[in-house]
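J.: Spelled out from the first residue to the last, the chains are:
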Amino acid sequence: MKMLATPDLVPDTSGQVRRVGPPILKVEHLSREFGGVLAIGDLSFTIAAGDIHSIIGPNGAGKTTLFNLVTGVYKPSGGRVLFDGADVSGMAPYRLAARGMSRTFQNLQIFFNMTALENVMVGRHLHLDTRLLPALFRFPSLVRKDREARDRAVRLMTEVGLEKYIDADAASMPYGALKRLEIARALASEPKLLLLDEPAAGLNATESREIDEVIKTVAATGVTIVLVEHDMKMVMGISHRITALNQGRMLAEGTPQEVAANADVIAAYLGAAP
Amino acid sequence: MNALLHGRLTGLLALAAVIAVLPAFLPNNFYLDIAILAGFNAVVCVGLNLLIGYAGQISLGHAGFFGIGAYASGVLVGVYGWPPALALLAGAVFVGLLAFLVAKPILRLKGHYLAMATLGIGIIVSIVLRTESGLTGGPDGMMVEPFKIFGVELYGEKVWYWVVGVLLVGVVWLSLNLIDSPMGRALRAVHGSEVASEVVGVDTARFKVLVFVLSAVFASVAGSLFAHYAGLITPAKADFFKSIELVTMVVFGGMASTFGAVVGAVVLTLLPQALTVFQDYQQIVLGGILMATMVFMPKGLLPTLAALLPARRRA
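Protein chains in written order, with this note's numbering: chain A, 1 to 274; chain B, 275 to 589.
Rather than coming from a laboratory, the hints here were simulated on the basis of the structure.
Some hints here could point you the wrong way.
Unchecked claim - Stretch-level coverage of chain B by chain A, calculated; a stretch enters the list once three of its residues show a Cβ under 8 Å from a Cβ in chain A: (1) 397–408; (2) 419–429; (3) 472–480.
Claimed, not checked - One-sided excerpt, in silico: chain A residues whose CB lies under 8 Å from chain B: (4) TYR74; (5) ALA97; (6) ASN113; (7) PRO140; (8) TYR269.
If you're wondering where the values come from, they're calculated on a predicted model, not measured in any experiment.
We put the beta carbon where it would ideally sit given N, CA and C, even for glycine.
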C-alpha cells in the first residue's frame, strides 16, 4: 500500500481554502419515521465530489438510518436524495449501484458461502456479462472478461492488504480482514460515491490506522467517501468535512476543527453542562 | 483458476466415465431401468440444486413441473398427434412461463413465500391431473407413445440409458458452467446476503426468478422424456410427496454441489429398491433421512465426504 500525496486532497489543517468539488450528493429535507418515532427529521446537507465527508453523532443519532435511506435500503418518509443531480429517493440499491454508489455495512454482510476472491468478483457484477445463455454455454467473451475480473479482484485485494486471503474461504477469515473485504468488494464496482459504515468498528489501533490509510488511498483516486465512524481520531484526521447528527437532526456541520469546537456537539457527546 | 477449471472438467469426465462403463455391470433390464430412473431424478435435482443449494430458495412443487412436462408430452403427442420433440418444447415453454408468472410477484418478497407458493402449485397440478380424466386419464394415468424423431423411435432400456446418460452429462455441464460465471456468482451472492448483493448492483429479484424458471424447465424436460420412456404416467409422479423426495435428494446429496445432487438422486433412487421391506413406510424413511441429514451433515453427503478426504491425506 502506498501513501497518498495528492496535495489538494489532504485534509487542510492550516485553515486555508481547499478546492471544493461540485455537489455529488444532496439530501433535502429528508425524514424517516419508524412507527411514529422519527429516526431522521428534516435533514438537509450536501456532499462535495472528492471529499471525505464524515457523519458523526452519538448512538441512535440516525447515522445508519441515513445510510440506508441514501443507498435505497429504506425508503424515505419525506424529502429527497439527489445523486449526481438526479432524484434517486427510494431507488432500489442495485439501480443506485449502476449509477455509481456503493457501500459497506456496520454489521458485516459477507457472502460466507464463497471465497474471498469470489466476494470481490461479485463486486464486478455490473461490468460483466450476467446473461443466462452466455453463462450456460460458456461463451469465450464471457470467460475472457471473467478472467480479467479475477485479475482485477486480485489487484484490489492486494491494494487493501488482503493478498494472503485471495484463495481463502470468506468464512475462515478474521474479522479485521472481512472489514477490508467489504471495502474491496465495494471498490470492485467502481463507485463514484462510497459510503463506509463504521469501517474501523471492532478493530484494534493498528488495524484502525491501516483502514485509515486504505480510505485515504481510495479518496486519492477520486472516489467521494461518506464515512460513519465512532473512532474520533480517525474522523478528525482524515475528514474534509463533518456533519454531526443528534436524534435524527442536524447538529453542526463544518471542517473537523469547527465541529470539534462546536458547543452543541460537545454537549451531545458529553451531556449538556448545567 | 486452472485448478478450478481442472476440477470442473475432471468431475464431468468422471461422471461420463461412470455412465459409460456402468451398463457392463448391470446384468439385466431391471437394473438398467433403475439406473434410468436415477438419471431422470438426477437431471431434475441438478436443476433444483441451482435453486435450493446455490440461490438459497426453496421449491416444494418441482414434481408439479416434472408432471406438467410429462403430461404435455403425453397429451400433445397422444391426443393431438404433435411430434414428440415439439411437445417437449411446448411443455418446457409452458412450464417456464408458469414458473415466471408465479415467481415474479413472489420473489420480490423476502422469506419463504416461494416455498408456500410452489407447495400450492404442486398441489393444484396434482389435482388437475387427477380430475381432468378426459385428457389425463385421471388417477389411473395415461399411456404415452414412444419418442420418435427423424423417423427413429427411441425404445427399450438399452437405448434410453444412453439418452438419459447424455442428458445428465449435458445438464451437469450447463450447471457447472453457470455456477462459474458472473450470473452463478450473483446467485450464490443472493444466498449469502441479499442486501450486499444489491449494493454492488445485483438485481436480486431478477436472478431469483431466472434460476427458478431455469430449474422448472429442467424438471419439465426430464418429465417429458420420462413419459416417453415409461410409456405410462400417473399423477403420483407430480404430487407433493414426489416434490419432497426431490428436495430430500438435493439436501442429502449436498446443497451447493452439482455432483452432490447427482449422488443424492442416485442413492435415494436405489434405496427404496434395496429396502423393499420398507415400501409401506417409504415417506417415513425419507423424512427420517431428511432430518438426519440436516442434523448430522447439514452440508450434505458429498461436501461432507470431500471435507474429510484432505484431512485424512494430511494425517
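J.: Does each hint hold? Answer for all of them.
T.: Results of checking the hints against the structure:
Coverage of the segment 397–408 of chain B by chain A is violated in this model, with 0 residues showing a Cβ closer than 8 Å to a Cβ of that chain against a need of three. Residues of the segment 419–429 of chain B lying with their CB closer than 8 Å to a CB of chain A number 0, which falls below the three-residue condition for coverage. Counting residues of the segment 472–480 of chain B whose CB lies closer than 8 Å to any CB of chain A gives 7, so the stated coverage by that chain holds, three being the minimum. Because the beta carbon of A:TYR74 sits about 11 Å from the nearest beta carbon in chain B, more than 8 Å, this interface hint is broken.
The interface hint given for A:ALA97 holds, since its Cβ lies 4 Å from the closest Cβ of chain B, which is under the 8 Å cut-off. Hint status for A:ASN113 relative to chain B: holds, with the closest Cβ pair at about 5 Å, below 8 Å. The restraint placing A:PRO140 at the interface with chain B is violated, with a minimum CB-CB distance near 12 Å, outside the 8 Å limit. A distance limit of 8 Å between C-beta atoms decides the matter here; for A:TYR269 the minimum to chain B is near 30 Å, and the interface restraint is violated.
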